[in-house]
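Chemist: Residue numbers (the numbering used here): 1 to 137.
No lab work stands behind these hints, which were simulated from the structure alone. Any given hint could be a false lead.
[Claimed, not checked] Within a straight-line C-alpha distance of at most 25 Å, the following computed DMTMM-like cross-link-like pairs (lysine to aspartate or glutamate) qualify:
#, residue 1, residue 2
1, Lys66, Asp117
2, Lys66, Glu102
3, Lys64, Asp29
4, Lys43, Glu10
5, Lys66, Asp13
6, Lys64, Glu102
7, Lys43, Glu102
8, Lys70, Asp39
9, Lys66, Asp20
[As the list claims (entries may be wrong)] The following label-pair restraints were derived from C-beta to C-beta distances:
#, residue 1, residue 2, range
10, Ala8, Asn38, 46 to 56 Å
11, Leu91, Ala47, 37 to 47 Å
12, Pro72, Thr96, 23 to 33 Å
13, Asp117, Ala47, 37 to 47 Å
Each residue gets a CB set at the ideal place from its N, CA and C atoms; glycine is no exception.
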Amino acid sequence: TNLRVTGAGEAGDNGAEPGDLYVIVHVEDHPIFERDGNDVYIKVPIAFTTASLGGSIEVPTLKKEKASLKIPPGTQTGTVFRMKGKGIHSLHGYGTGSQLVEIEVKIPKKLTKKQKDLLKDFDKTLNNKGFLKGLFK
């Protein structure tokens, strides 16, 4: 971003008005937040059990505090929740943006035998046998 400050540059020749000062501003990326206007985005990983059953998670905010976010049962990867008023305050003094939280459901890579058995039992209760068949008619 370039800023022009009128009349704040060097003095002009032979008593002329001072020139303009141009300031070039580079803003570094934040390590966890992305900005879009007054809104900020963050991706938050959650356990697949929390996504399935629902619950509450703690989400970091710009003010270095954590906010509680309620996760409804059945939440999928890519679901975005809006936390109003947790974004960036408007430069014009009217309002504050939102913090948008994108959910990333984490699936464990390693399971114990007991966990595998429980998931197999759970899978038997689902009626998924015709899912792929109906998908690829």
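Chemist: Now tell me if each hint is right for this structure.
Modeler: Hints and how they fare:
no. : hint                          : verdict
1   : Lys66 with Asp117             : violated (36 Å)
2   : Lys66 with Glu102             : holds (16 Å)
3   : Lys64 with Asp29              : holds (17 Å)
4   : Lys43 with Glu10              : violated (46 Å)
5   : Lys66 with Asp13              : violated (56 Å)
6   : Lys64 with Glu102             : holds (18 Å)
7   : Lys43 with Glu102             : holds (5 Å)
8   : Lys70 with Asp39              : holds (20 Å)
9   : Lys66 with Asp20              : violated (43 Å)
10  : Ala8 with Asn38: 46 to 56 Å   : violated (28 Å)
11  : Leu91 with Ala47: 37 to 47 Å  : holds (39 Å)
12  : Pro72 with Thr96: 23 to 33 Å  : holds (25 Å)
13  : Asp117 with Ala47: 37 to 47 Å : violated (19 Å)
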